[in-house]
Amino acid sequence: KYSYRYYYHKYQLHIQKNKSRFVFTQTYLHSRKNQISNYKLFRTRLKDLVLTNEDPSSDKAQELGSLLHNINLNRSMGDNDTLKEMKSCYDNYTSSKDSIDPLNYKIPSEEMCFLKEVMRFFYKNNKGI
Numbered sequence: 307k308y309s310y311r312y313y314y315h316k317y318q319l320h321i322q323k324n325k326s327r328f329v330f331t332q333t334y335l336h337s338r339k340n341q342i343s344n345y346k347l348f349r350t351r352l353k354d355l356v357l358t359n360e361d362p363s364s365d366k367a368q369e370l371g372s373l374l375h376n377i378n379l380n381r382s383m384g385d386n387d388t389l390k391e392m393k394s395c396y397d398n399y400t401s402s403k404d405s406i407d408p409l410n411y412k413i414p415s416e417e418m419c420f421l422k423e424v425m426r427f428f429y430k431n432n433k434g435i
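Residue numbers for the sequence shown follow the working numbering, so the first one is 307 and each next one is one higher.
Since the hints were made in silico from the structure, they are not lab data. We treat Cβ as the ideally placed atom computed from N, Cα and C, and that holds for glycine. Errors might be hidden in some of the hints.
Cβ pair distances, simulated, as ranges [stated by the list, open to error]:
# : residue 1 : residue 2 : range
1 : N378      : T350      : 14 to 20 Å
2 : Y312      : E391      : 32 to 38 Å
3 : S309      : D365      : 39 to 45 Å
4 : K393      : S364      : 17 to 23 Å
5 : K346      : K390      : 15 to 21 Å
Calculated lysine-lysine pairs in the DSBU-like style (CA-CA distance at most 35 Å, straight line) [stated by the list, open to error]:
# : residue 1 : residue 2
6 : K346      : K316
7 : K366      : K339
8 : K393      : K366
9 : K353      : K339
Using the sequences plus the hints, can you model the full thing?
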């Protein structure tokens, strides 16, 4: 069995050979990974703030706002709905904490599945690489 790194490397070579056929460039993959980890970070931080009954005007809450701002700056086209949802969660939190249940706030599945898709691509195309 090969490691993730092995497949990742093969995948990169494959992309270089067929650049016109694939949208997944290294930079794109990298920025998607960062964006997904930012989504996760946002969700866990929001959950913590609500569970610990943190005041919306506190520093922690302000940090969450700036994280959301960074996510917004680095968004790609497919992120708009996700961002709207995240922003409304944050606005709900800052206006009145009762109106939000962060435990039910889900990161859209297409974000979570993104890296799995890439892995599936490796395994499917392994013979052709």
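Evaluation of the provided hints:
1. N378 - T350: 14 to 20 Å: Holds, since N378 and T350 (Cβ atoms, about 18 Å apart) stay within the stated range.
2. Y312 - E391: 32 to 38 Å: The hinted range 32 to 38 Å holds for Y312 and E391, with Cβ atoms some 36 Å apart.
3. S309 - D365: 39 to 45 Å: holds, 41 Å
4. K393 - S364: 17 to 23 Å: holds, 19 Å
5. K346 - K390: 15 to 21 Å: Holds: the Cβ-Cβ distance is about 18 Å, inside 15 to 21 Å.
6. K346 - K316: holds, 28 Å
7. K366 - K339: Holds, because 24 Å separates the two Cα atoms, which is no more than 35 Å.
8. K393 - K366: Between K393 and K366 the Cα gap is close to 16 Å, so the pair holds against 35 Å.
9. K353 - K339: With a Cα-Cα distance of about 21 Å, the restraint between K353 and K339 holds, given a limit of 35 Å.
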